[in-house]
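Reconstruct the complex from the two isolated chains, following the hints.
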Amino acid sequence: MPTPRAQFPLVSRLLHWTMAVMILSMLGIGVAMVASLADYHVLVSIHRPLGIAILILAAVRFVNRRFNPPPPFPATMSPLERRLATASELAMYGLMFLLPLVGWGMLSAARYPIVLYGSLHLPFILPHSPALYAALRRAHTMLAYLFFVTFLAHVGAILFHTLIVRDGMLKRMAPWSIRREW
Amino acid sequence: MTPSRTLPRLALIGVVLAVAAGGFAYLGGWLTPHELTPARFVDTFQRVNGVHAGFRRNHAKGLGVAGLFESNGQGLRYSKAVVFQPGRVPVIGRFSLSGGQPHVADDGGAVRGLGLQFSLPDGEAWRTAMINLPVFPFRTPEAFYENLVASKPDPKTGKPDPAAMKAFLDRHPETVEVLSILKRQPVASGFDNTTFYGLNAFRVINSAGESTPVRWLLTPMQPAEASSDASRADRNYLFDALIAQVRRHPLRWHLVLIIGQPGDPTRDATIAWPADRERVDVGTLTLDRVEAEETSAATDLNFDPLVLPAGIAPSDDPLLSARSAVYSRSFTRREGEAKQPSAITAADVRKAE
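Going down the list, the sequences are from chains S and P. Each residue of the first sequence is one higher than the one before, counting from -5 in my numbering. Each residue of the second sequence is one higher than the one before, counting from 3 in my numbering.
Hints are computed from structural coordinates only; laboratory data are not their basis. Here the structure is a predicted model, which means the values were calculated and not measured. Glycine included, every Cβ here is placed at the ideal spot set by N, Cα and C. Mixed in with the good hints, there may be bad ones.
Cβ-to-Cβ under 8 Å is the rule here; a few derived chain P residues that face chain S [stated by the list, open to error]:
1. Ile15
2. Ala23
3. Ala127
4. Asp302
Next comes chain P alone, as it looks inside the complex (with noise of 0.2 Å):
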């Protein structure tokens, strides 16, 4: 063959070669080095709060919790998840504060988080990470991090600079409507009496294949008080009346389903379906031992809220496949990483016997 004909050839094979690296760079995500991925997500996280090898990168203080679900199966009716048959299950969990701070001094205004894990027979699991905000400020995976780089602490002030914090809600109303609700929120005295709301909407399915809009929420059943000041001096002042408030007697919520009507938003954390929505009482969680993170199952599990049995599947709602997006990746970062001690110790949980 001449060189008139095989340099052509070569030249094809070249190009044939090339398309298919520069498909895999171009899905890898390496030729749009702008556009929003877990890693730089986690790396924004990382940048705002510094890294603290070993922790979360958000609710980074925490402890375990253990306990179990007692369903009464009245969920059967809309979920045919194994979870929602009458009879117990066992449960892990985690109570934990918002920040990527792991020592930060407990806040009550902080956000508070409840993980949970209802493990099922047959390798099945349900997890759900909750937080006690009844709406979610952020409609879209972009506006909580579009927040969270306006929140970064100004190195000279030690706090967020206004002038980024006032332009990002002046782009996000949906925002600024979310916190008025929030400021008329009474703030639980502990976590103990807190409610927890599962943040997304999800969607249940039945044996008979209907499929249902749902939200869920747990409510405590330790009586509501207000918060006081009394105990702040005590940097984890709300970790360490959980500890004592389990020690006393099992801690118990009731499992609630909201259900959707056709129409209720499911792709819009911010906006509160109507308050008449039916509310199912589907069984009673019980967590009656606290154990510190160096000891705690729940330390090393990714409390992602796409984990989910037969029976629940997401909703359409944005912000979870990047929350399970995102929590994967931190998850991948700490398991890699040294443990550090946690702010509340073995030694701590110990202490309150």
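Looking at chain S on its own, in the form it has when it is part of the complex (with noise of 0.2 Å):
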């Protein structure tokens, strides 16, 4: 007897792994260029829109989860680790929103010109302001530093409940459906 309501929506699977790629690339691109010279500007000319086009999608999702409700856990979750999960959750749609947020705002700070792609431009958020800049600058790392442990905290509690709980977790966000319970 299929029950659709033990796998995330279509929708909210492709968000899912579409973003995981994106914001894991995005991580890893913004390590890589602060500690780069010979790559630094084309890691930067592909972080600045791939961090506003998180944003978007962060929106979206966030929408998406409105019309399309996750399911409920699996009965293989302590309340603890219910509580756990909901908190990482929020941190992580926390961080794709403030990550992106942060990182317009110190550069609207710094006045520098936000290129998306050629002449399309994002006009700044904040005024000229060099403690602004430095403030911001200082919390985009740590939020990332942050989006990052999360992300491996995420990883590991997932991989744990599927290999060792045995509980079919990962099936919850395949991205292909799964016509059985577990």
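Right, dumping it as structure tokens:
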């Protein structure tokens, strides 16, 4: 008997995996570009438009969640695990919005033109302020590290459930449709 | 599940997480502590010059200026950039002397810098950080770095170690060649009659999509005058003269594009292009205001040479990306520090009125 509610809706799964690739690339590009001389410019030129794309998709995903709510937690999750999972989900949603906004804000405060493509630019969202730039620049790094740690915890928890508890947790988010209950 | 099956699975999870974390650390340069990074570049500037909170790590001594650029439309043949359409755009800039000491006495022989931002409509900007050298002494970021390390003053003599400098020059014949060219160049008497060069090659793209290698320079409309010893008693004689000159009349430069031919080196700033290359005068830069760093908008601007409008693009010169990366790191550090008064204060600027 198929239980469609056991798996995330298709749109949600597509958004999840698309954003997973984008965000992981983004974290890698971000940490690599600040350590790079030769590739700095190329990486920055990808980092900025990719960040804005993530911000837009985060909004799409947030709206999608209203219309396509996630399936209930599997019975194998303890109340504590459920609370942790909810908290980490909240953190990741927050960071998906916050990191691009802090990036946009810090470039605005430093008066760097924010080029998306060719002559397409974003407007400045904050006044020209050295102190604001310095604080947001630091926050951008810290939030990125936090995102990476949250990502590791997320992957670790899913793998633990899938491989050790063996409750098929990963299948909830599998890009293909699973037609049986687990 | 038995422990014999659980342990390998736990190990697998551990390996997945370790690989992810390791990859992240590798990308961030934490596993290669000897690789040259923007942060290590700026650290070395600080080791050589000391830390002067709030100041640029290089070209620390400077003065803000403002004015406008009037394009004559000639540049459109090669570049679709809005800055080359006939008309005027506002410009802010900063004259500077090379070196990391913000209060150093003016030295006519020091490399002179001019950073400019052309503010274009719709949030576009063109920034260029120019110097008074027609060719640059260093081909790669690594060579620049080696020279920086070799030029660190010996605490005993207060001067760079001659042996270290000789070892550097022995490894870099291209630097020796450039230095001999520069020695033959007359030094202009002031900032006002100095020619400034864009240092690297770039590419420009016109509305037909054609890409052309270019270099650019600013040629002064103020008459040439050889440097004299007259006013050297004044620690800020170059900047004070600049303030006085701008008070008398606006200073003007022609912005000139040098049009490269196929085969002209674009990834080697130590080599000048042949003298017969076409030169296109694309407009006039007028600077009619001086402003001390305390109030100038240029103070908190990073003259990153890769802030470019559509129609101007980087060349394959490895110095460009490195300049962008290191300027950005220097900018981030100084913007987070408390500002100290600059050598040329707002009072100095007012005094000249």
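Structure-based check of all given hints:
1. Hint status for Ile15 (chain P) relative to chain S: holds, with the closest Cβ pair at about 5 Å, below 8 Å.
2. A cut of 8 Å between beta carbons decides the hint on Ala23 (chain P): the least distance to chain S is about 6 Å, and the hint holds.
3. For Ala127 (chain P), the suggested interface contact is upheld, since its CB lies about 5 Å from the closest CB of chain S, less than 8 Å.
4. A distance limit of 8 Å between C-beta atoms decides the matter here; for Asp302 (chain P) the minimum to chain S is near 5 Å, and the interface restraint holds.
Violated hints: none; the structure is consistent with every hint.
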